[in-house]
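Sequences are here, hints too, so could you generate the full structure?
There are 2 protein chains.
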Amino acid sequence: MRRFVIGQAKSLSDRTRQHHRNHRFVSLFLPSSSSASGSVSSSRLFSSASDMAGSNSSSSLPVTVQSINPKVLKCEYAVRGEIVSIAQRLQEDLKVNKDAYPFDEIIYCNIGNPQSLGQQPITYFREVLALCDHPALLDESQTHGLFSADAIGRAWKILDQIPGRATGAYSHSQGVKGLRDTIAAGIEARDGFPCDPNDIFLTDGASPAVHMMMQLLISSENDGILCPIPQYPLYSASIALHGGTLVPYYLDEATGWGLEVSEVKKQVEDARSKGIAVRALVVINPGNPTGQVLAEDNQRDIVNFCKQEGLVLLADEVYQENVYVPDKEFHSFKKVARSMGYGEKDICLVSFQSVSKGYYGECGKRGGYMEITGFTPEVREQIYKVASVNLCSNISGQILASLVMSPPKVGDESYESYMAERDGILSSLARRAKTLEEALNKLEGVTCNRAEGAMYLFPRINLPQKAIKAAEAAKTAPDAFYCKRLLNTTGVVVVPGSGFGQVPGTWHFRCTILPQEDKIPAIVSRITEFHQSFMDEFRD
Amino acid sequence: MRRFVIGQAKSLSDRTRQHHRNHRFVSLFLPSSSSASGSVSSSRLFSSASDMAGSNSSSSLPVTVQSINPKVLKCEYAVRGEIVSIAQRLQEDLKVNKDAYPFDEIIYCNIGNPQSLGQQPITYFREVLALCDHPALLDESQTHGLFSADAIGRAWKILDQIPGRATGAYSHSQGVKGLRDTIAAGIEARDGFPCDPNDIFLTDGASPAVHMMMQLLISSENDGILCPIPQYPLYSASIALHGGTLVPYYLDEATGWGLEVSEVKKQVEDARSKGIAVRALVVINPGNPTGQVLAEDNQRDIVNFCKQEGLVLLADEVYQENVYVPDKEFHSFKKVARSMGYGEKDICLVSFQSVSKGYYGECGKRGGYMEITGFTPEVREQIYKVASVNLCSNISGQILASLVMSPPKVGDESYESYMAERDGILSSLARRAKTLEEALNKLEGVTCNRAEGAMYLFPRINLPQKAIKAAEAAKTAPDAFYCKRLLNTTGVVVVPGSGFGQVPGTWHFRCTILPQEDKIPAIVSRITEFHQSFMDEFRD
Numbered sequence: 241m242r243r244f245v246i247g248q249a250k251s252l253s254d255r256t257r258q259h260h261r262n263h264r265f266v267s268l269f270l271p272s273s274s275s276a277s278g279s280v281s282s283s284r285l286f287s288s289a290s291d292m293a294g295s296n297s298s299s300s301l302p303v304t305v306q307s308i309n310p311k312v313l314k315c316e317y318a319v320r321g322e323i324v325s326i327a328q329r330l331q332e333d334l335k336v337n338k339d340a341y342p343f344d345e346i347i348y349c350n351i352g353n354p355q356s357l358g359q360q361p362i363t364y365f366r367e368v369l370a371l372c373d374h375p376a377l378l379d380e381s382q383t384h385g386l387f388s389a390d391a392i393g394r395a396w397k398i399l400d401q402i403p404g405r406a407t408g409a410y411s412h413s414q415g416v417k418g419l420r421d422t423i424a425a426g427i428e429a430r431d432g433f434p435c436d437p438n439d440i441f442l443t444d445g446a447s448p449a450v451h452m453m454m455q456l457l458i459s460s461e462n463d464g465i466l467c468p469i470p471q472y473p474l475y476s477a478s479i480a481l482h483g484g485t486l487v488p489y490y491l492d493e494a495t496g497w498g499l500e501v502s503e504v505k506k507q508v509e510d511a512r513s514k515g516i517a518v519r520a521l522v523v524i525n526p527g528n529p530t531g532q533v534l535a536e537d538n539q540r541d542i543v544n545f546c547k548q549e550g551l552v553l554l555a556d557e558v559y560q561e562n563v564y565v566p567d568k569e570f571h572s573f574k575k576v577a578r579s580m581g582y583g584e585k586d587i588c589l590v591s592f593q594s595v596s597k598g599y600y601g602e603c604g605k606r607g608g609y610m611e612i613t614g615f616t617p618e619v620r621e622q623i624y625k626v627a628s629v630n631l632c633s634n635i636s637g638q639i640l641a642s643l644v645m646s647p648p649k650v651g652d653e654s655y656e657s658y659m660a661e662r663d664g665i666l667s668s669l670a671r672r673a674k675t676l677e678e679a680l681n682k683l684e685g686v687t688c689n690r691a692e693g694a695m696y697l698f699p700r701i702n703l704p705q706k707a708i709k710a711a712e713a714a715k716t717a718p719d720a721f722y723c724k725r726l727l728n729t730t731g732v733v734v735v736p737g738s739g740f741g742q743v744p745g746t747w748h749f750r751c752t753i754l755p756q757e758d759k760i761p762a763i764v765s766r767i768t769e770f771h772q773s774f775m776d777e778f779r780d
Numbered sequence: 241m242r243r244f245v246i247g248q249a250k251s252l253s254d255r256t257r258q259h260h261r262n263h264r265f266v267s268l269f270l271p272s273s274s275s276a277s278g279s280v281s282s283s284r285l286f287s288s289a290s291d292m293a294g295s296n297s298s299s300s301l302p303v304t305v306q307s308i309n310p311k312v313l314k315c316e317y318a319v320r321g322e323i324v325s326i327a328q329r330l331q332e333d334l335k336v337n338k339d340a341y342p343f344d345e346i347i348y349c350n351i352g353n354p355q356s357l358g359q360q361p362i363t364y365f366r367e368v369l370a371l372c373d374h375p376a377l378l379d380e381s382q383t384h385g386l387f388s389a390d391a392i393g394r395a396w397k398i399l400d401q402i403p404g405r406a407t408g409a410y411s412h413s414q415g416v417k418g419l420r421d422t423i424a425a426g427i428e429a430r431d432g433f434p435c436d437p438n439d440i441f442l443t444d445g446a447s448p449a450v451h452m453m454m455q456l457l458i459s460s461e462n463d464g465i466l467c468p469i470p471q472y473p474l475y476s477a478s479i480a481l482h483g484g485t486l487v488p489y490y491l492d493e494a495t496g497w498g499l500e501v502s503e504v505k506k507q508v509e510d511a512r513s514k515g516i517a518v519r520a521l522v523v524i525n526p527g528n529p530t531g532q533v534l535a536e537d538n539q540r541d542i543v544n545f546c547k548q549e550g551l552v553l554l555a556d557e558v559y560q561e562n563v564y565v566p567d568k569e570f571h572s573f574k575k576v577a578r579s580m581g582y583g584e585k586d587i588c589l590v591s592f593q594s595v596s597k598g599y600y601g602e603c604g605k606r607g608g609y610m611e612i613t614g615f616t617p618e619v620r621e622q623i624y625k626v627a628s629v630n631l632c633s634n635i636s637g638q639i640l641a642s643l644v645m646s647p648p649k650v651g652d653e654s655y656e657s658y659m660a661e662r663d664g665i666l667s668s669l670a671r672r673a674k675t676l677e678e679a680l681n682k683l684e685g686v687t688c689n690r691a692e693g694a695m696y697l698f699p700r701i702n703l704p705q706k707a708i709k710a711a712e713a714a715k716t717a718p719d720a721f722y723c724k725r726l727l728n729t730t731g732v733v734v735v736p737g738s739g740f741g742q743v744p745g746t747w748h749f750r751c752t753i754l755p756q757e758d759k760i761p762a763i764v765s766r767i768t769e770f771h772q773s774f775m776d777e778f779r780d
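Going line by line, the protein sequences match chains Y and L.
Sequence positions in the first sequence follow this note's numbering and run 241 to 780.
Sequence positions in the second sequence follow this note's numbering and run 241 to 780.
Everything labelled a hint here was simulated from the structure, so no lab data went into it.
Please note that the accuracy of each hint is not assured.
Pairs involving identical chains hold if they fit within one copy or between any two copies, as the list cannot separate such chains.
No more than 16 Å apart at the CA atoms, straight line, and that leaves these computed lysine to aspartate or glutamate pairs for EDC-like [said to hold, decoys possible]:
#1 Lys417 to Glu332
#2 Lys625 to Glu316
#3 Lys706 to Asp776
#4 Lys724 to Glu757
Keep in mind the model is a prediction, meaning the values are calculated, not measured.
Written out as structure tokens, the structure reads:
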């Protein structure tokens, strides 16, 4: 029987939660003292205040892990978890103790952060951003020697789309209307179906958009969100923070991380039998951490399932540009739904996109959007309100989102150099994915599905019992044990599979394909050597 | 007896909440079907799914206002509320029906968004941002003709602070370490007390930082946060979204919006008698919407109170550069606390800062930080984890936050032009504040405290009974009735006091001081004429 476990902070948070549940409801605004309201005991909470008075020791500071929101305690985010903290400490120590380690640098393969590993930004995009940041440049004749003509033209066009050309002003809560027009046109060109700019909400990367939808859909722990296992831990973290229940469905490793609707159906029924109202289905396509690209047939089944079961389809499509194999192609879920004849009134669909991924990899710009369709005007108004509380996403990120959805076209001055940069990055990523996959598959007891898309490999390691016992003795999960050993021996940082979820008893890690191509051979040989000696040490 | 009321969505959300509270706790990750778990009825939630199957009408879409998170329904944000929607519709209609209105433009005085009203960005800041966005410029000789030498030097310095000079990479979850060093040095120079860069969390504006703290501190409706009334509605919105209780304390209009600790104390006692655990005190200094600047004595009392009562002091200090009167000065709460001898282990203090305000007004860049002191390492780890889930704030905003905390210095090429821009903006804001305040005080039945700081005036209108009755007939709050009339007659957008909270039976509106100076006389005469005719119509 499959069982997915997160241990840390669980018992503590349960205890705190139980305590809370003994309290009665009090409205947001505390009524005045005259209003009728019974007294409620809250000794835990009061003690923090009364203990504090007059005391000077740090132990009497009012905020403790026992008194904070248990949902925060419960949340986990492995991609920047313990192993990354260890890596950062190693990196600091390497600066002073260079000879103490069998490697001379830390190679971060833990996170999809291409430019941190040397990927260069697309020149045209950066030209436009610089001009929009400092529009006074557009009045200077020297500017024509420094920037391409189409970047200058595009900057003018964008500035004209922004009221008052004020790139330093808060925009409309959904983002600058003119930029949303551009994005909508890009989506239409991609899908061949209409897109309404009023369906676009520009956000600081995809993460805040995911949080916004979780906040909307989750009222309590009785609301369930279907997530693939393995999943990108943003989803489990966001569900934890909003107090909902993650309903797992397992991707099938044997069929290249296939998504089987029968498995999803089984999990929905199981959840419902436990009183969970399943609200939405998260699909990550191309997959993270699993790298598969869904077939269109499969997508149709998923759309039909969501339609039949009344689920919101939350489509994480941030890797839409990252497809590396000739037999697969990205199709947006909206295109699939529309081509099946399902319109705005048939299915609730949210598509997440980001400027952090693709061939551009502009993680630091924090740009992205969600396209929402199939929501009633009243619900949309609520989404708009939540967006308004944060005023707007950053304008550079908004501009960049419009650029990635409408890059240079044939005939533009930048077109050829843009295409060369783009194809150079994508073809290199494809080669890196292939090389790493082949190398991993050569390791004893390791099997690795191909990365059809996205930026990751998720190999399975059949760990010897002796290694599992050693991990138990070290009070760590066996895959984390393996990954820490790998880090300490090679400087390569990967994330244990337990951070993403995996079928119990199986062990994996996630490794990005992002180190620059000239580093790949060294990474391959370091991992290969490490694995061999690890197996020599622990082979049963 | 004072009573602060928010009506909208209340009964609906209460009903939904009651429903949820009948359900038992279910863990984040749904256990497998084999685990023991009693069945729980959730008919409301299931019906959405079963009603849906096979239906095609929009009424059967699975997400309705009845099924979404009631906390979202409960949240309100007046600064972009109904009156702004009306203004946007008017603005669209003005384009085609110019002659239908007694004004030719909408003047947005609803929000602190200086650049949307024509304020120009600080040249030096934008030069540095453009160079960091497109570092290839730094290798070109023409660049020296287009950018100041110190902007070029600063861009190099910043790029050297960013690992791999990668402005397109995710940074450390708290923000680029080198930029935090710069900010910490700026805080030390401001306060004369040490600042640890590891206490700084860079954020996309101040709003996400406020949300992060509310998320940490609020576990349930039994957790109370003290907020000034009137308050900036980010606070009420964030408390609502996180399910806590806003404990109001009233600023005293008669003493220039004074903050009296006796009033805060009374409200804390009242809250505690109702079973609320008061966790934190929000202070906005300079005040929003009220514009007062706290005296240092008063700040000491507040610090002592928080210390005695074991409250986290959440200091909204985003207007720290906006002080307009010679008899007042900004002092950070950290400086005040440290000068009283309270150290890291004595008091929990969070200071919020933003690049959106000050003389720079870079709202669209979404930069800001919070400085947290007095939290245990375990709690800090939890804050770090929550920051990590969103990866990092946008790098341009991070860079800008470092620039505003460390602007050009004497001797730098840009220093004089920078100072001229800065002082030009601040002195103009001071003049605008004075002119508007005097004009408002001349209106029949209107009294207006001076704007000592921040960007707002918050005049009180003694509305005639006849106007109040007319508002009741129109099913709107009297202050909203006045503001809508003002908008429809003059095109000037202000926010009704009810969006910020006010002593019941008093009516106010918030008006920014941000329209460019050449527009102020027209605004004054429009408001004066409108008010006179409004009073002529409704005078008792």
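Results for each hint:
| no. | hint | result |
| --- | --- | --- |
| 1 | Lys417 to Glu332 | between (45 Å within a copy, 13 Å between copies) |
| 2 | Lys625 to Glu316 | between (28 Å within a copy, 7 Å between copies) |
| 3 | Lys706 to Asp776 | within (11 Å within a copy, 90 Å between copies) |
| 4 | Lys724 to Glu757 | neither (24 Å within a copy, 62 Å between copies) |
The structure does not agree with numbered hint 4 stated previously, though it agrees with all others.
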